[in-house]
Each structure stands twice: as structure tokens, then as C-alpha cells.
Amino acid sequence: GDSVTQMEGPVTLSEEAFLTINCTYTATGYPSLFWYVQYPGEGLQLLLKATKADDKGSNKGFEATYRKETTSFHLEKGSVQVSDSAVYFCALIRFDYGGSQGNLIFGKGTKLSVKP
Amino acid sequence: KAGVTQTPRYLIKTRGQQVTLSCSPISGHRSVSWYQQTPGQGLQFLFEYFSETQRNKGNFPGRFSGRQFSNSRSEMNVSTLELGDSALYLCASSLGLNSPLHFGNGTRLTVT
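Sequences listed follow chains A and B, in order.
As numbered in this note's numbering, residues 1 to 116 make up the first sequence, in order.
As numbered in this note's numbering, residues 1 to 112 make up the second sequence, in order.
I should point out that these hints are in silico values taken from the structure, not numbers from a laboratory.
Source: prediction; values computed, not measured.
In this text, a Cβ means the ideal position worked out from N, Cα and C, and glycines have one as well.
Some hints could be false.
Stated by the list, open to error - Some but not every residue of chain B turned toward chain A, in silico, with C-beta under 8 angstroms: (1) SER33; (2) LEU43; (3) ASN56; (4) PRO100; (5) GLY104; (6) ASN105.
Stated by the list, open to error - In silico lysine-lysine, DSSO-like type, Cα no more than 27 angstroms apart, as pairs: (7) LYS111/A - LYS56/A; (8) LYS60/A - LYS108/A; (9) LYS52/A - LYS13/B; (10) LYS60/A - LYS57/B; (11) LYS77/A - LYS52/A; (12) LYS108/A - LYS49/A; (13) LYS49/A - LYS60/A; (14) LYS68/A - LYS49/A; (15) LYS49/A - LYS57/B.
The task is simple: from the sequences and hints, build the whole structure.
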């Protein structure tokens, strides 16, 4: 079945460091890919998305490129801030298989801690 | 505009009991989904409702059920609670089936 694999956390970085969180997926067909972020004590928020190969999603300085050849959607940010400390989830949905955005398949999440 | 509201925020129940969790979606949103979040399994899809109809269901036992009302508010029920049902239950709403999800802050259920 479809699945998402994220790098194990936690990830601890100093402020202004470069961030990469790896995400790879397994799915037949043409999934849409998402990154969600969960701040302490809160629900998830959509960070960015990409709906087809080679699309780049971006938001708040974060970027991710949909790479069909490597089945990857790695999250990157050039300079992290303390306020970026959160748990990040990679997710996919296969609209061509009757899925909807209410039925996302999530990775296990990667906890990021940014130290001042 | 009010976000997705889940009640209660915290709940403690005893094994064998049943529980009902409530979710009020963002005004105008017709689709509501439920997810279970645990440290071991991560986020797992429970079910999705659209206009009072269950559209999708995840791989959970029949003890887990849900419904959606005409005002789009949704409830989920878990009967005969087990220790393994302890989790954060997240509700998400969206305008339609292919619109972005907006999550609530969740209900933390502890089964003792």
C-alpha cells in the first residue's frame, strides 16, 4: 500500500542553520504531496504542497520539490529560527484512487528543535 | 473566523467504557475528517464525512464510529475502550473534498 517514510528525529539545530528533513514515498499513480507542521499543543497546519512532478511548494522560507524519479519530497529551509521548533509531517494523497484531502497518509513525523 | 473546535480537550476514561468526542468545523466547511495520533503509530486516518455521509473509512475496528450532522458538526464514538485507544484524536475540516485541511487542537484521551 501507499506509505511515507521520514527521517528519524529529533533534529537539533542552532539558529540560522540549514535544515533538511528527508521524506520518501511509495505510491502507484500520481500522488499529491504535503508538508504539515505541528507546534506544541496545537493541531496540524498545512505548510506547503506540490501536486505534480517537479512542482516546488514553498511557504515561510520552507521549500520542497516533488521528485518523481527519486520518489522524494525533502523539506528545506536556508536559515531556521527558534520559532520553527515543531514536529514536521510529510503526507500524500492519491486523488486518482478516489482519495480526498480528508484521507491523507502521513509519515511518522520529525521533531525539530532550534537552539538560540 | 473561528477555527476547528474540538471538545473536550482532555478526557480520562476507564477500560471498557465508551466515549464521544465532538468537532465543530470552520463555518462553511462541509467535510470533516478524524485522525488518531499516537507516538508508536503516528497519524492514522479514521474516517471522513462529507454532507452527512461517510466518504472514507480507515483501518480501525468497528468500535470506532462517527457521524456528521446537518450543520456539519461531527462526533466520533469509541465503545469498549482499550488501553491502546489512548491517543490524541484530531479533527480536520475543509470546504470540499479537494480543499486544504484545517485541523483542530485535538482531544487527548487517556484510558486507564
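Task: Contradicted hints - numbers only - done: 9 and 10
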